[in-house]
Amino acid sequence: MDTFSSLQLNEPQNALSLPTWAIHVSSVVEWVTAMILVWQYGEKSGYESWKGLSWGMVPLLGGAFCACTWHFFYNSDSLSILVALQAALTVIGNFTMCIAAFRICKLSQQGPEKL
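First residue of the sequence shown: 1, per this note's numbering; consecutive thereafter.
Heads up, none of these hints are tricks.
For each label pair, taking beta carbons as the anchor points, the in silico distance ranges come out as:
hint, residue 1, residue 2, range
1, F95, N75, 25 to 33 Å
2, L37, N14, 32 to 40 Å
3, N14, Y41, 36 to 44 Å
4, V25, A88, 21 to 29 Å
5, K44, N10, 46 to 54 Å
Simulated from the structure, these hints should not be mistaken for lab results. A virtual CB, placed ideally from N, CA and C, is assigned to each residue, including glycine.
With the sequences and hints as input, model every part of the structure.
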């Protein structure tokens, strides 16, 4: 029994649980997959404006990396700038996706050949 207890990790109280890490990582993988699928839709359908939506998703991916990095280092105070950076990237990403969606909407009103 002493051997097992010596193998246990001594993590701080604010460490994320394994299920929480699974949610974080799977969310990032899901977001990257969505970006790829949106890009491919733009290429295969010929609706190039959809690629703008994929580009608009990039800042939000950066925010996700900020969050995961901060949690990986147990929410270290020395990395608290990542919290502000994540917030900024979220605002920027929401704005860029809004612009991309607006472009898709406007072009769809002009007809499918413009998308």
